[in-house]
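In the order they appear, the protein sequences are chains L and G. Residue 33 in the working numbering sits at position 33 of the first sequence, and the numbers go up by one each step. Residue 1013 in the working numbering sits at position 13 of the second sequence, and the numbers go up by one each step.
Hints listed in this document are in silico derivations from the structure and should not be mistaken for laboratory results. Remember, predicted model here, so these are calculated numbers, not experimental data. Just to be clear, a hint being listed does not mean it is correct.
So, partial list: chain G residues that the calculated Cβ filter (under 7 Å) puts toward chain L [unchecked claim]:
#1 R1011
#2 L1028
#3 L1165
Straight-line C-alpha distance at most 35 Å; calculated DSBU-like pairs for lysine-lysine [said to hold, decoys possible]:
#4 K1154/G / K1006/G
#5 K1154/G / K1143/G
#6 K231/L / K176/L
#7 K13/L / K1143/G
#8 K1006/G / K1143/G
#9 K13/L / K1154/G
#10 K13/L / K1006/G
Virtual Cβ for every residue (Gly too), placed ideally from N, Cα, C.
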Amino acid sequence: MSRVWVFMTTNRKRIDEHAAEWAVRLSSGPLSADAQAEFDSWLNADIRHRGALLRVQAAWLDVDRLVALAGSLSEAGPSAVEPPSARESPASYPTRRWVLAAGLSALTAGSLSMGWWLWRRRDEVYESGIGEVRRITLPDGSSMVLNTATRARVRFTDSRRHVDLIQGEAVFDVSKDQLRPFVVLTRNVSVRAVGTVFAVRAVESDIAVTVTEGVVEVAPSTEVNLTRPQKVLADERAVVRNAQVVAVQSVSPAQIQRQQAWQDGLLSFDGELLSEAVAEINRHNVRQVQIDDVALGSRPVVGVFRASDIDGFAQAVAVALSADSMLENEIIHLRTQSVQ
Amino acid sequence: MSGDGKLARNRWIASHILPYEREVRNWLRRHVHTLTNDDMDDLIQEAYARLWLVDFTQVSHGRNYFYTTVRNLLLLHARRARIVPMERLGEIESLRIASEEPSPERQVAARQDLERLLAIVEDLPPQCQRAFKLQKFHDLSQKEISREMNISEKTVEKHLSVAILRVLDAFTREERAPARNESGVGVYDDQSQEN
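For reference, chain L alone in the conformation it holds in the complex (with noise of 0.2 Å):
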């Protein structure tokens, strides 16, 4: 039996050496007009080229990962603060993280003093896919229930427990470790707790923080602190515009358990536009709504929806509203009723 095809062209090692090549000139900037030239020409040659190089170029990254992986092992334990190897050194540099390579070296002297690094350092990604919500128990007791499309990073240390929102909405539930600050950041914000349970929504362009039980400080810009911190009580949510807390309302526990419903897989509307909520259940399933006629999207809705259940509430909205609905591609039209 022959090969199921033949491409056109040979040699296809040449592609991922020419790739390889390009994306470590990438990575150290912008290239020359003439470079540029020649690289555009290679990459439009052949469909190929530009899956080589993007291949390589993840490769490049995932190695930085792992570097950094590495490198955070070292913030744990005492040879963080020795130097690297006078070989490892170069001697007219200074080496900009050689804490990073303490932590290499660290490592390559074996495998078991690696296993307990790796042991001390609890980082990790969770993820929740669209509809489905996720309920994790944090290494310290603590837990964090991802709502639909939630993406957080898990960092503690001996000293800190830091959490990456990376996009979503998250509950939080802290125990208490007055050594161990709880925070959660995201985009630049960054959310301080000490015993309490609260929720982060980093979905829409503002950042919500809202606190169920105890105190937490809300504090824009992760990176040097120039504002003071501000205080968020129980029953208060906090709204972040562009890095500055522009409101704290106070909201009802009643409220918050409505806006939380995403824990029991259900979604509960008490007069949002429709189109929030259509934004809102969008959220959770692959199967999208749109609403085709603005005047439709702006009157308010009533109800408690299955959060799984797009084309239940689709239904039941047509039927409240006198819309339409139709199914197109995936796509639940609604639209005002035609009058005849």
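Based on the hints, put chain G in the right spot on chain L.
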């Protein structure tokens, strides 16, 4: 696409596609016996090429996307080649995307990746290894490496590109480059680069 956009895309590929390449290759090897290694490399490169313009924020599951793309490409080429008996087309069409294999715990996986990376780096030719370490572990620029090692920037680039290809191969292929001259990388001579 802006620089940031490209970086975000490449990061996405690094975390959502690259980790599954080895698995996809194994799946292909198991199910499409007629595929040569070169065919497979072409196929994989083409699958990555499809990601060039894709709005990755709309792709919810990178692994499934990768499998589906590879399967569609397989079909496309099989149809084009016209040498494939019809039942084979049917076979490809009905190829099931492998259900996610129970992966080792993330920590264990990260540890294995790190171990493997360090082992590969230790295996690199000396000059190449030094350039790679200076760049990736010490964060020196290529210009700085060139001064540090007293070699041209061009040679630094060569060393780095050889290193990254070795790393990539080790992470995505089943065997670790058994025939050195087959990979094209093995024939690279570390010491004879300066002329």
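Status of the hints after comparison with the structure:
1. A hinted interface residue such as R1011/G counts as satisfied when its beta carbon comes closer than 7 Å to some beta carbon of chain L; here the least separation is about 6 Å, so the hint holds.
2. A distance limit of 7 Å between C-beta atoms decides the matter here; for L1028/G the minimum to chain L is near 11 Å, and the interface restraint is violated.
3. With a least beta-carbon distance of about 5 Å to chain L, the hint placing L1165/G at the interface is held under the 7 Å criterion.
4. Straight-line distance between C-alpha atoms of K1154/G and K1006/G comes to about 24 Å, which keeps the hinted pair within the 35 Å bound.
5. A hinted pair counts as satisfied when its Cα atoms are at most 35 Å apart, and K1154/G with K1143/G qualifies at roughly 10 Å.
6. Taken as a hint, the K231/L and K176/L pair is honoured in the structure, with Cα atoms around 18 Å apart against an allowance of 35 Å.
7. With a CA separation close to 28 Å, the supplied pair K13/L and K1143/G stays within the 35 Å bound.
8. Restraint check for K1006/G and K1143/G: the C-alpha separation of about 24 Å stays at or below 35 Å, so the hint holds.
9. Simply put, K13/L and K1154/G have alpha-carbon atoms about 20 Å apart, close enough for the 35 Å limit, and the pair holds.
10. The suggested pairing of K13/L with K1006/G holds, with an alpha-carbon distance near 25 Å, which does not exceed 35 Å.
Against the hints set out earlier in the document, a violation occurs for number 2 only.
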